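For this one, chain P is given, so just place chain S with the ligands on it according to the hints.
As they're listed, the protein sequences go chains P and S. Numbered per the numbering used here, the first sequence spans residues 1 to 181. Numbered per the numbering used here, the second sequence spans residues 1 to 443.
Be a bit skeptical, because a hint or two may be false.
[Said to hold, decoys possible] Some residues of chain S that are not near chain P, with every Cβ distance over 10 angstroms (derived):
no.: 1; residue: PRO76
no.: 2; residue: LEU89
no.: 3; residue: ILE110
no.: 4; residue: ALA128
no.: 5; residue: ALA144
no.: 6; residue: ARG207
no.: 7; residue: ALA308
no.: 8; residue: ARG364
no.: 9; residue: LEU378
no.: 10; residue: ILE403
[As the list claims (entries may be wrong)] Short, incomplete list of chain P residues facing chain S, as computed with Cβ under 8 angstroms:
no.: 11; residue: LEU25
no.: 12; residue: GLY28
no.: 13; residue: LEU29
no.: 14; residue: TYR35
no.: 15; residue: ASN36
Bear in mind the hints are in silico, worked out from the structure with no lab data behind them. Computed from a predicted model, the values in this text were never measured in an experiment. Ideal placement from N, C-alpha and C gives every residue a C-beta, glycine not left out.
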Amino acid sequence: MTVTSVPGRRRTFTNAIKRLLLIDLFKGLAVTFKYNLRALYEKREGGNPNQAIYTEQYPLEPARVSERFRGAPRLNLDPETGGTLCIACDLCALACPVDCITVNSTRREVRDGEKVNKKKVLTTFFFDTSRCMFCNLCSEACPTDCLELTQSFELAVYHRSGFRWDREMLEKGVKYVKYNK
Amino acid sequence: MQALLTITLFVAPEWVRNLTGEKLPNVFWAEYVVWPLVQIIVVLFIILTLVAYLVYVERKVSAFMQARLGPMRVGPWGLLQPAADGLKLLLKEDIIPIKADKAIFQLAPIISVAAALVVLAVIPWGAAWATIANVNIGLLFILAVSSVGVLGLVLAGWSSNSKYSLLGALRSSAQMVSYEIGMGLSIIGALMFARTLSMNGIIEAQRADGIWYFLFQPLGFLVYIISALGETNRAPFDLPEAESELVAGYHTEYSGFRWALFFMAEYTAMIVTSAIAVTLFLGGWSFPGLDLIKDPNIYVIASVLVFAAKVMALIYAYMWFRWTWPRYRYDQLMELGWKWMIPAGLVNIVLTGILYVLAMPKSRGGFFDFMHEVNGRLTPTGAGKVFFIVTGFLITIPVSWAILAYINRHSPDFNLDEQRQLQIALRRERLKKIEAQSPAESN
Ligand code: SF4
Ligand code: SF4
Chain P
1 MTVTSVPGRR RTFTNAIKRL LLIDLFKGLA VTFKYNLRAL YEKREGGNPN
51 QAIYTEQYPL EPARVSERFR GAPRLNLDPE TGGTLCIACD LCALACPVDC
101 ITVNSTRREV RDGEKVNKKK VLTTFFFDTS RCMFCNLCSE ACPTDCLELT
151 QSFELAVYHR SGFRWDREML EKGVKYVKYN K
Chain S
1 MQALLTITLF VAPEWVRNLT GEKLPNVFWA EYVVWPLVQI IVVLFIILTL
51 VAYLVYVERK VSAFMQARLG PMRVGPWGLL QPAADGLKLL LKEDIIPIKA
101 DKAIFQLAPI ISVAAALVVL AVIPWGAAWA TIANVNIGLL FILAVSSVGV
151 LGLVLAGWSS NSKYSLLGAL RSSAQMVSYE IGMGLSIIGA LMFARTLSMN
201 GIIEAQRADG IWYFLFQPLG FLVYIISALG ETNRAPFDLP EAESELVAGY
251 HTEYSGFRWA LFFMAEYTAM IVTSAIAVTL FLGGWSFPGL DLIKDPNIYV
301 IASVLVFAAK VMALIYAYMW FRWTWPRYRY DQLMELGWKW MIPAGLVNIV
351 LTGILYVLAM PKSRGGFFDF MHEVNGRLTP TGAGKVFFIV TGFLITIPVS
401 WAILAYINRH SPDFNLDEQR QLQIALRRER LKKIEAQSPA ESN
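Next up, chain P with everything else stripped away, as it sits in the complex (with noise of 0.2 angstroms):
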């Protein structure tokens, strides 16, 4: 037995009908005025994806990253003193697994009321944002909550050296761009 043709697809009422109006290539269009029409009268919120325009202006106005997004770090102070929360544990370092922390401290006298302390005091602290992968090992080591990455995500910088933060800069934060909107 040798095989000429094979039946196609099955032939339904339907689908002659479908094919005869070329129903598909309407819905097609349907759905692309759809989205052309509310392009033109929604209000315009870029990054929602319910919107009918999803674009984001970014230098114009900010990106939207999800909630649990990892990027710049910051070391949190006090809200009641200002002062540091960091107790200079070094566990972020040990925790780190590119080494990219560096925490240096000193042994200080510090008066605690009428008892005085030695306790080992922050002197500085350097983070090397290029070899960083943005894991989240050192903030989840941190006993105090002090080291945290945040959700700015403009690290560029013009030169290397710009890539090693040091604790003024972790504490304060560097502000490259201004929104205009």
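Chain S with the ligands in isolation, oriented as in the chain P frame:
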């Protein structure tokens, strides 16, 4: 100053002299030299600006349909983008490939754009003085000149000395030639009602009949629109410049301003084909209620606006199609052109002819008496209009569909799906045979 004014009025066209009340007739210079030149400059300026902004509109429309914003950075809402684009193209290096045929390479874009622009002369942009030349074979002139544009593409592809260009040019010339036939056939039905080839005459005929011919000629309109898409190489028939297969088609090797000329030709062709469709099927610059305007000059301006609005609506439809539908495969394109569009055009002519003769007055050998003579012109009566509209939709379309389906039913078909299914079935047969043999071998 006075002298200048006198000279200006000396060569001014009639309607300007009517306006000022001056009587300084010099018909030859006014009507055949100066006034056409003014019109040409105005039309060229408007069309070239329009072409630049059509590119902008196309980018915006495509962006909106794809949930994007489109050009936004040059000027407010990117409105100065065409200027930036034009400047960029002017400043680009002009590259001619070493092995290209230099003379032809330089000539090709000029042929293309000239063929596209010459046609603008006979398009009726509006009533009375808004047309550059009211040629009595306007439509024929348009079809003849615009098909020269193919030559530009073929020469471009050939002279570039590049395989992509050559393949693109081959495809595009084959496509344009085949769709030109369908286009030429589809307009004949409307011409039967208009009984003239003059572009303004066709519009006047529709005004006299009090109807737009797409109602009389639904099939003709459909075939025309599809053929026009194929003829102007627009999606879904944009095979000559299929980016994914041919880089950029016939203009792969072109850069800078020469490339811009091709682009201009494409968009001008878009305007021209829409203008023909509007003139033939959508009543041109006429619109119900337009005759209420008494001032002749305001009337002309209003008619130009109406015409522009109709053309723009059609161009929007072109863009809408382009950003919605996927591209045809080459064999599908040719099949649609030769097996559907051309026969449909022929069937439409025959059926329209029969219906027209049937509807003629009895004194002229007709059957139904649905037409009467007004100012020496056969015009359908009210019943005749209903007759033509109803038969157009209920007889012409189903009958021609049935005929075409019958013709094409058993014609050999390049059916990828069927071929794949055939291969699968053959393989299954082979496997069965092997299975049937193997137990015998093991025993
Ligand atoms: S985020 Fe990861 S790589 Fe970056 S400093 Fe912290 S531990 Fe090291
Ligand atoms: S783990 Fe936290 S507290 Fe300890 S050194 Fe690092 S930043 Fe400071």
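Hint numbers not upheld by this structure, sorted from lowest to highest: Failing hints: none at all.
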